[in-house]
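In case you want the letters, here they are:
There are 2 protein chains.
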Amino acid sequence: MYRTHNCGELRLQQAGQEVTLSGWVQRTRDKGFMLWIDLRDRYGVTQLIFSEEKSTPELMAQARTLGREFVVMVKGVVIERVAKNDKMPTGDIELEVRELTVLNAAKLPPFTIEDDTDGGDDLRMKYRYLDLRRSPVQRNIIFRSNLALETRKYLSGEGFIEVETPFLIKSTPEGARDFVVPSRMNPGQFYALPQSPQTFKQILMVAGLDKYFQIVKCFRDEDLRADRQPEFTQIDCEMAFVTQEEILNTFEGLTRHLFKTTLGIDLPTFPRMNYDEAMRRFGSDKPDLRFGMEFVELNDVAQGKGFQVFDGAELVAGICAEGQAEMTRKQIDELTEWVKRPQIGAKGLVYVKCAADGTYKSSVDKFFGEADLKAWADKMGAKPGDMLFVLSGEAEKTRKQLSELRLELGRRLGLMKPGEFKPLWVVDFPLLEWDEETQRFYAMHHPFTSPKRADVAKMLSGDHATLKGLRADAYDLVLNGVEIGGGSIRIHDRGLQAKNFQLLGFTPEEAERQFGFLMGAFEFGAPPHGGIAFGFDRLCSVMNGQNSIRDFIAFPKNNMGRDMMIDAPSEIAEAQLGELQIRLDLKD
Amino acid sequence: MYRTHNCGELRLQQAGQEVTLSGWVQRTRDKGFMLWIDLRDRYGVTQLIFSEEKSTPELMAQARTLGREFVVMVKGVVIERVAKNDKMPTGDIELEVRELTVLNAAKLPPFTIEDDTDGGDDLRMKYRYLDLRRSPVQRNIIFRSNLALETRKYLSGEGFIEVETPFLIKSTPEGARDFVVPSRMNPGQFYALPQSPQTFKQILMVAGLDKYFQIVKCFRDEDLRADRQPEFTQIDCEMAFVTQEEILNTFEGLTRHLFKTTLGIDLPTFPRMNYDEAMRRFGSDKPDLRFGMEFVELNDVAQGKGFQVFDGAELVAGICAEGQAEMTRKQIDELTEWVKRPQIGAKGLVYVKCAADGTYKSSVDKFFGEADLKAWADKMGAKPGDMLFVLSGEAEKTRKQLSELRLELGRRLGLMKPGEFKPLWVVDFPLLEWDEETQRFYAMHHPFTSPKRADVAKMLSGDHATLKGLRADAYDLVLNGVEIGGGSIRIHDRGLQAKNFQLLGFTPEEAERQFGFLMGAFEFGAPPHGGIAFGFDRLCSVMNGQNSIRDFIAFPKNNMGRDMMIDAPSEIAEAQLGELQIRLDLKD
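Protein chains in written order, with my numbering: chain X, 1 to 588; chain F, 1 to 588.
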């Protein structure tokens with residue numbers, strides 16, 4: 001037996017007991033006549049003590065051979081510390097070592113295994129097993145495990161059944177790119193890895209499973225932006241005989257349960273906002289409600305005063321940064337440059353300082369007098385000491401730019417407080433999005449989303465303008481400006497599903513080839529159903545106030561989709577390609 | 001809202017209440033003036049009643065339009081039944097329907113949705129959503145969900161952390177064939193889907209996670225035998241600073257917990273048997289202990305009597321079938337033919353009837369007199385009325401044949417009682433298996449398994465004969481003759497791991513290319529560790545006394561690895577192949 005206790009559990013009450021511990025050497029302090037070692041495992045750190053007085057010279061010498069990260073087993077007696085350390089749970093005691101066994105030596109790690117490490121990203125990914133020894137990363141992985149367990153407990157308690165859907169499925173060109181898997185037994189044919197279990201969970205509803213969930217890996221072969229992973233995890237759910245209202249309540253319940261059990265936080269009832277309102281007030285379908293700065297439309301007070309930029313604009317809108325009138329010229333210039341970057345694309349930035357003395361100073365004083373600016377300020381509810389920022393142009397673009405500016409101000413002004421959580425349901429999404437470039441409709445959520453019942457007739461017979469206005473029973477759960485979940489009521493009628501595929505540009509043959517099994521299933525008694533999926537990696541990071549999902553994934557891949565530790569992907573043998581009846585066709 | 005209650009929960013106490021139910025039409029009985037419909041959902045069946053007396057003619061007419069598997073919503077009043085049905089939980093009541101809404105019509109299903117269906121395998125796989133509506137299949141899927149949840153609860157309670165390991169990993173030619181995934185971003189390179197998370201879970205131990213588990217999909221591109229699936233599920237576990245004894249106790253605890261919570265069965269303490277003993281007594285490393293018929297070696301009493309078949313044999317061994325002396329000539333002939341089939345490969349079958357009157361009759365009376373046969377019977381503990389079967393030949397082969405015969409007799413004689421569970425730990429497996437054909441060693445468990453501590457020195461320096469005799473800390477959990485779990489203590493030392501790869505025929509370069517990351521990790525402070533993996537699909541089926549894992553998998557594939565419902569795998573577009581920089585190279 002390697003241990004009687006772990007390194008996090010010994011207390012004063014064990015004083016006098018002989019115990020065995022195993023773990024890693026975290027740190028050694030050698031005072032000559034005395035030597036202390038911090039012994040670490042997943043559960044904590046226990047201080048070991050060796051001394052000339054109590055230890056044999058051989059044991060002292062042996063202790064001095066230990067390097068960082070050596071794995072050792074020690075037997076000894078728990079004693080009360082003279083100098084207690086109230087920052088460590090085991091800080092009241094130390095272990096007077098009688099016997100020391102080196103279980104494994106360790107080379108010097110390429111970076112320090114401390115909360116703050118000196119290792120760069122690449123090095124930490126390559127030696128992921130060392131990075132994972134660091135408490136912050138280990139805590140993340142443990143948090144994730146707890147979050148998954150609590151998800152399962154809650155949903156099982158609500159009558160959901162976890163069903164494993166297959167990983168080797170069928171490729172569908174719609175949506176993101178599939179990873180594919182050549183089939184040796186069916187030469188020339190390929191499986192695809194699922195981008196989500198969407199059709200299978202709907203099939204399970206047709207099958208009468210009633211309430212399904214799964215915490216499941218999904219795969220997308222996309223060019224990886226900053227914080228995407230080719231494989232990611234979803235909490236995937238579906239319910240039959242259910243309305244949107246019941247789904248929202250169920251998953252609000254799940255979210256509250258998760259916050260309560262893992263963070264000890266009671267979330268209030270989640271507000272709801274429809275898509276149009278979210279776009280109007282925040283220029284975003286995932287507004288961060290930790291701070292205000294709502295959009296105020298200024299067309300009526302800002303147009304017709306001779307400022308051509310505003311006069312020619314579809315929309316003039318502003319936000320008010322409370323108490324920021326003292327912002328320096330340099331700060332304002334930085335913000336102006338920031339909104340003019342191609343990623344944001346604004347032409348310029350108008351500001352109005354509402355000075356403490358009740359006067360106004362703006363970048364457009366030439367066109368607007370004190371009274372004009374006061375009218376803006378009044379409309380925006382600004383007080384002396386506030387700062388207004390105004391953008392203008394085509395309405396949709398301006399809202400997006402203003403939304404980015406609002407978020408940037410939130411970040412710069414420290415308004416996104418860690419530990420504060422503002423959930424929001426955004427509902428009533430459009431069913432279809434028109435894409436000017438390709439001159440076709442795309443599904444706003446996905447092709448299986450149902451229009452609202454009141455919109456079904458319009459969908460079946462409507463013209464182009466009508467189709468643009470269709471609303472869906474589709475909803476997103478937003479937390480601190482991050483979409484952590486999204487779902488919809490689904491179509492459960494073959495005719496309506498076929499119509500939707502048609503609107504999305506499928507020929508009947510294509511629709512049948514790719515989704516015939518689902519439309520076929522709808523003919524054998526499909527119940528009304530709907531569901532939701534949560535981005536599990538993202539949920540972990542948002543709940544911990546962190547931006548990167550990587551530190552919540554045990555073995556993440558880099559931006560080239562590469563696992564730096566195992567060095568995958570890699571070349572495979574010719575014979576293996578031969579068995580699969582494929583060959584390489586490299587372009588260069 | 002589609003329902004106030006489900007179809008399984010109404011009782012007499014709800015009599016008089018107005019309720020709404022939704023579900024599928026299971027069956028209609030029409031007596032003209034009265035009409036009953038069984039309405040079904042996942043939770044049960046509720047009887048609906050329509051009558052000339054209480055229902056409008058329109059409602060009666062509407063009810064008559066409903067076909068099997070129509071999806072309907074009904075509002076009505078719960079009433080006490082005149083003729084109660086104590087076989088249904090809802091059998092005390094029925095629902096007097098006031099309002100009927102057809103939510104979806106249904107075509108006539110291609111097979112009946114009853115406990116016993118008339119659907120063949122292919123039809124049921126193609127219309128899996130209909131097959132899944134049948135209670136026995138639905139119960140299996142729900143059982144599986146419960147089993148997974150209880151597994152997670154138990155292991156979490158024991159301090160295990162569930163960690164998701166990656167699905168896009170690196171191909172290793174050792175072991176079964178990998179499924180591979182071409183990488184678009186790294187042209188010419190491939191990921192592999194994991195055959196198990198073996199190396200990752202060991203890395204997690206090096207990372208200090210201490211106790212890991214995962215219920216996880218694994219993939220093997222094998223030619224599918226009767227009851228194999230290309231994707232299957234494991235309960236995968238690993239522990240650090242642990243001895244074999246602690247692992248066995250932990251997972252015996254898990255198994256007992258699962259039996260108790262899902263089946264209400266208290267399993268006794270699991271017996272243990274070492275590999276050599278299992279082979280000697282049962283000719284198998286996974287003996288079914290639900291019945292006896294242990295092997296008895298007869299060389300000393302059966303050789304040297306002039307029967308050449310025995311005299312030239314390395315082993316003469318028999319089993320005693322209790323009370324089977326009255327077996328007919330025909331039955332014995334059938335058994336003889338059965339053991340002579342190429343799959344078994346015996347040359348013949350010797351029997352001895354121990355007649356009730358104390359006399360013996362055998363197929364080798366020419367060579368053995370009454371006294372000889374009595375000596376056999378005595379040695380085998382046979383009583384009058386028993387039947388002995390004896391096989392002979394090369395020891396290993398004979399044991400395998402006799403094991404097959406024993407199991408066949410167990411089946412024919414009904415000795416494998418459903419509901420009876422006999423767990424067994426088989427321990428002390430050999431480390432290496434010598435393969436005569438390829439003249440090389442194979443890992444009996446896998447290349448990461450540690451020899452027993454006492455055998456390490458022999459492994460590092462031993463000759464061929466010594467290597468054959470090495471024993472490993474490897475163990476299997478056997479239940480009713482099925483291996484449901486297997487694991488080992490792992491090597492955690494770079495040198496020993498390198499030696500093992502060498503013995504298994506790897507060049508140092510191959511070992512480094514494929515497993516360099518793991519051997520590298522061992523140099524940075526790897527703790528002693530070990531683990532186990534359970535076949536989750538198999539565990540589900542064995543716990544339910546069933547032979548096939550298919551009915552415990554929501555969407556199984558057929559023997560050609562094909563999903564009959566979605567029709568996968570399938571061809572993919574040329575453009576998609578082009579992006580992946582591969583092309584087809586079909587042989588015919």
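Everything labelled a hint here was simulated from the structure, so no lab data went into it. One thing to keep in mind: the hints can contain errors.
The list makes no distinction among identical chains, and a pair is therefore deemed to hold if it is satisfied within one copy or across any two copies.
Unchecked claim - Dumping the calculated DSSO-like pairs for lysine-lysine here, alpha-carbon to alpha-carbon at most 27 Å: (1) 260 x 468; (2) 107 x 499; (3) 260 x 153; (4) 468 x 361; (5) 400 x 417; (6) 468 x 400; (7) 286 x 422; (8) 458 x 153; (9) 286 x 366; (10) 383 x 75; (11) 452 x 75; (12) 75 x 286; (13) 366 x 260; (14) 452 x 107; (15) 400 x 153; (16) 286 x 347; (17) 366 x 587.
From a predicted model like this one, the values you see are computed outputs, not experimental measurements.
Right, here's what the structure says about each hint:
1. 260 x 468: Answer is neither: 41 Å inside a copy and 57 Å across each miss the 27 Å cutoff.
2. 107 x 499: between (64 Å within a copy, 20 Å between copies)
3. 260 x 153: Both ways: residue 260 and residue 153 sit 13 Å apart in one copy and 19 Å across, limit 27 Å.
4. 468 x 361: neither (42 Å within a copy, 91 Å between copies)
5. 400 x 417: within (23 Å within a copy, 69 Å between copies)
6. 468 x 400: Answer is within: at 20 Å inside a copy they meet the 27 Å cutoff, but 71 Å across does not.
7. 286 x 422: within (11 Å within a copy, 56 Å between copies)
8. 458 x 153: neither (42 Å within a copy, 49 Å between copies)
9. 286 x 366: neither (37 Å within a copy, 92 Å between copies)
10. 383 x 75: This pair counts as neither: shortest intra-copy Cα distance 69 Å, inter-copy 58 Å.
11. 452 x 75: Answer is between: at 23 Å across copies they meet the 27 Å cutoff, but 69 Å inside does not.
12. 75 x 286: neither (56 Å within a copy, 39 Å between copies)
13. 366 x 260: Intra 55 Å, inter 82 Å, cutoff 27 Å: neither.
14. 452 x 107: between (63 Å within a copy, 26 Å between copies)
15. 400 x 153: neither (39 Å within a copy, 46 Å between copies)
16. 286 x 347: Cα proximity of residue 286 and residue 347: one copy only (24 Å, versus 76 Å across).
17. 366 x 587: neither (59 Å within a copy, 78 Å between copies)
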